[in-house]
Amino acid sequence: MTVSRTPAPRTILSALFVGACGLAVLLALVPLAFILFFVISQGVQSLSLDFFTHDPVPVGESGGGMANAIVGTLILTGLAAAMAVPIGILSGVYLSEYRGSRFASAVRFAADTLNGVPSIVIGVFAYAVVVLPLRHFSALAGGFALGVMMIPIIARTTEELLLLVPNALREGALALGATRARAVFSVIVPAALPGIITGVVLALARIAGETAPLLFTSFNNRFFTTSLTQPISSITVQVFTYAISPYEDWHRQAWAGALVLVTIVLICSMAARIAAARVARIRGQ
Amino acid sequence: MRSSDLGFRVAIGAFAAALLLIVIAIGVMLANDSWLSLQKFGLGFWRTSDWDPVAGEFGALPFIWGTLYSSVLALLIATPVSLGIAVFISELCPPWLRAPLIFLTELLAAIPSIVYGLWGIFVLVPVVRTVEVMMPESLRALPLFSGPPLSVGMLAAALILAVMVVPFTSAIAREVLKTVPETQREAAYALGATRFEAIRAAMFFARTGIVGAVMLGFGRALGETMAVTMVIGNNPQVTLSLFAPQYTMAAVIANEFTEAADVLYQSALIEIGLVLFVITLLVNVVSRGLIWSMARQVSPKTAVLVPRGVEA
Chain A
21 MTVSRTPAPR
31 TILSALFVGA
41 CGLAVLLALV
51 PLAFILFFVI
61 SQGVQSLSLD
71 FFTHDPVPVG
81 ESGGGMANAI
91 VGTLILTGLA
101 AAMAVPIGIL
111 SGVYLSEYRG
121 SRFASAVRFA
131 ADTLNGVPSI
141 VIGVFAYAVV
151 VLPLRHFSAL
161 AGGFALGVMM
171 IPIIARTTEE
181 LLLLVPNALR
191 EGALALGATR
201 ARAVFSVIVP
211 AALPGIITGV
221 VLALARIAGE
231 TAPLLFTSFN
241 NRFFTTSLTQ
251 PISSITVQVF
261 TYAISPYEDW
271 HRQAWAGALV
281 LVTIVLICSM
291 AARIAAARVA
301 RIRGQ
Chain B
8 MRSSDLGFRV
18 AIGAFAAALL
28 LIVIAIGVML
38 ANDSWLSLQK
48 FGLGFWRTSD
58 WDPVAGEFGA
68 LPFIWGTLYS
78 SVLALLIATP
88 VSLGIAVFIS
98 ELCPPWLRAP
108 LIFLTELLAA
118 IPSIVYGLWG
128 IFVLVPVVRT
138 VEVMMPESLR
148 ALPLFSGPPL
158 SVGMLAAALI
168 LAVMVVPFTS
178 AIAREVLKTV
188 PETQREAAYA
198 LGATRFEAIR
208 AAMFFARTGI
218 VGAVMLGFGR
228 ALGETMAVTM
238 VIGNNPQVTL
248 SLFAPQYTMA
258 AVIANEFTEA
268 ADVLYQSALI
278 EIGLVLFVIT
288 LLVNVVSRGL
298 IWSMARQVSP
308 KTAVLVPRGV
318 EA
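In order, the protein sequences belong to chains A and B.
Under this note's numbering, the residues of the first sequence are numbered 21 to 305, in order.
Under this note's numbering, the residues of the second sequence are numbered 8 to 319, in order.
Just so you know, not all the hints are guaranteed correct.
[Unchecked claim] Partner residues aside, some chain B positions facing chain A, computed with beta carbon under 10 Å:
1) Ala24
2) Ile71
3) Val122
4) Met256
5) Ala258
[To be verified] Here chain B is said to cover these stretches of chain A; the calculated rule only asks that three of the stretch's residues, wherever they fall, bring their Cβ under 8 Å from a Cβ of chain B:
6) 37-51
7) 86-92
8) 106-115
9) 129-140
10) 166-178
11) 259-268
12) 281-287
Just so you know, the hints here were simulated from the structure itself, not pulled from any lab data.
The beta carbon of each residue, even a glycine, is placed where N, CA and C say it ideally should be.
Just need the whole structure built from these sequences, with the hints factored in.
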């Protein structure tokens, strides 16, 4: 006996809905594919060894690279990390160790708020705090701006990872007579350390791609410098300058810079993903 | 409590306090440095549209208009797409596909704004231009499509903003859907619901959190700087036209801050930054409140408000 019937309208509606959701995923993946395709194809054409070893040359001359900007980005992110890693990790420890307190709630709220502040506003803030008193643009100001952006990311990541550490570890340490500080730094933080390092790397990758907070803090510099009190070039600001210029040569340099930035992001995300999977596997056993 | 433990708490509390201090300091510094402009122009600053720094005229209406208009347009495009992705990943897709899809959407969020901008200038803008030129004359009469096809403008900005907001909103919406108890869906299926009906029930259950997720995306769009600056055309005017070059608050700060030679000019730009700070702050507080109340409703004890973004 066969019963043939047309599907009910609500079944059709359901199938349409499922299809629409799948379509939404494709819609988001299309721009991703396009962006990666253009950055890689345009970037590879323009990338050469010179890009990493030479400073920019004047318009009209061919060749040249972004050695100064690459070193600049390293210095800026290094400064940011020097500021944000201690503050971020210790705040995260506070948030997880004293999570019930009112002060912890206020700090958590501040971290989430700071995370939502537009990066250009952080730039204006860094200008007011560092550039105005020093009276000129400097690597210090740029590093400060990036550091401010990094702190809440590290704090919240550290908090989340510390909450995953089994409470028995903490209790064991305290039962053996350890002080709170000893329990935290010898037992709890080491248990979560791989995750925390991953979080720091991801935060670094994210701020290395920031442009807006650097425009009027570290500014830009055509020349190679490692001075912290001078304006310094960065890959992102350099790409911006080149992208809005009318010169073909500079456009090529901009694509090469974009490729370097995207490669950094890709490597960091993949490393983080692998590390996270390893942590999950260890935990699962 | 041992005295050494108290010392430890105070010591790391001092670092945590730095976080609080920074947020307060941002508000105070911006208010302080925009005082000149606040006093001189008052509310008129936000009601007039003449922006002529050379003549000393500062009217910021076009900037707030451009910021709100571009963000709302981006949201109109991004919201259905983000919710579709969130539903697909959390409710529909086979388990083996879940991790790769999450990775890809996170990658979309991780691409630096400047790279979006570069791609916008050299790839998206020419495409937008083709669309603008092909637009039939009859439609061009509408205020939405008026003006010459300049290729850079509101349309390109809204499109690129939408792409940038999608991974953000969908990640948070996914987290929110995760908090919906499984029993909600099972009950719907037990009553003979189709997939759509069961998911609709889950989404209804999570409505507060979903509104929060969409609002967080809005907050993100409001403050986005580089990509928008590079494709919106940077022309301060208040118009509905999608083809017209316009300007946003973030973009005018990015473009003009280093050129602002006199104190009043700089003060006016900092006031724009102050207002951008306050608006994004309000949007964030409200949307996080919504997500938090939703999480609390599900499990009052453990609501520590986890959803906060795509990083980590």
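Each hint tested on the structure:
no. : hint    : verdict
1   : Ala24   : holds (7 Å)
2   : Ile71   : violated (14 Å)
3   : Val122  : holds (5 Å)
4   : Met256  : holds (9 Å)
5   : Ala258  : holds (9 Å)
6   : 37-51   : holds (count 12)
7   : 86-92   : violated (count 0)
8   : 106-115 : holds (count 7)
9   : 129-140 : holds (count 11)
10  : 166-178 : holds (count 7)
11  : 259-268 : holds (count 4)
12  : 281-287 : holds (count 4)
The earlier numbered hints that this structure contradicts are 2, 7.
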